[in-house]
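With chain U fixed as given, assemble chain H onto it according to the hints.
Note that the protein sequences, when read in sequence, are chains U and H.
Just add 16 to the spot in the first sequence (first one is 1) and you have the numbering used here.
Just add 16 to the spot in the second sequence (first one is 1) and you have the numbering used here.
Since copy identity is lost for identical chains, a pair holds within one copy or between any two.
Each computed DSSO-like pair below joins lysine-lysine, with the alpha-carbon atoms no more than 30 Å apart: (1) Lys36 - Lys23; (2) Lys19 - Lys81; (3) Lys36 - Lys127; (4) Lys115 - Lys104; (5) Lys23 - Lys130; (6) Lys36 - Lys81.
Hints listed in this document are in silico derivations from the structure and should not be mistaken for laboratory results.
Please read all numbers here as calculations on a predicted model, not as lab measurements.
So you can see what is in the structure, the chains are spelled out below.
2 protein chains.
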Amino acid sequence: MNKINMKEKLRLIDNYWEPKIIGEANDSYVKLAKFKDEFVWHVHENEDEMFYIIKGTLTIKFRGKDVVLNEHECIIIPRGVEHMPFAKEEVHVMLIEAKSTLNTGNIENEKTVKDLETI
Amino acid sequence: MNKINMKEKLRLIDNYWEPKIIGEANDSYVKLAKFKDEFVWHVHENEDEMFYIIKGTLTIKFRGKDVVLNEHECIIIPRGVEHMPFAKEEVHVMLIEAKSTLNTGNIENEKTVKDLETI
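In isolation and in its complexed conformation, chain U is listed as follows (with noise of 0.2 Å):
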């Protein structure tokens, strides 16, 4: 049982929108992300995600709003909302999701990353 340190691993992590898993609790993987630059527009259909800011701001864009996100802020994403996380900056996240939570959601483009690596 050894403690995770967030900053640690976020140096391992390299390429944006590729999350890595770093731990797992219940149901859920705990993730962490660097992302930069647009996503694309997804919907999770069966399962809810949680967006925890590290560092920096993200904003996610839902059809008709913008909600932006800072550090010590988090957003929950209700299964069957459609949205795209955008950020102009780099962010640093962590996610709690589902463990059959793909990042695309019902979209496979080359941003879909289907085997997420454990830091």
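Frame of chain U, contents of chain H only:
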């Protein structure tokens, strides 16, 4: 769909060792708590527990080992592992826990909180 600001929510918490629910995702609650001094040795037989440190220092005592957690560090305590949180000074903690989790696990005493408030 609104964001959650941890610092604002923490200002609503007066008492130590009384976790408050700030959101839910899938089968878990996201909770905030302030801890100070000793809790109680306990075990969660069926639930893993995640602690993430927002401010301050938290020691988790295990039988034979202490783990000291600082800001931006977290730990996942697997089900079945006896532990006791301890904080020399006030510490602010986010918890990710299965909805069924009782704060004192297998123990019932004056620190047990059965009906958690949502803030």
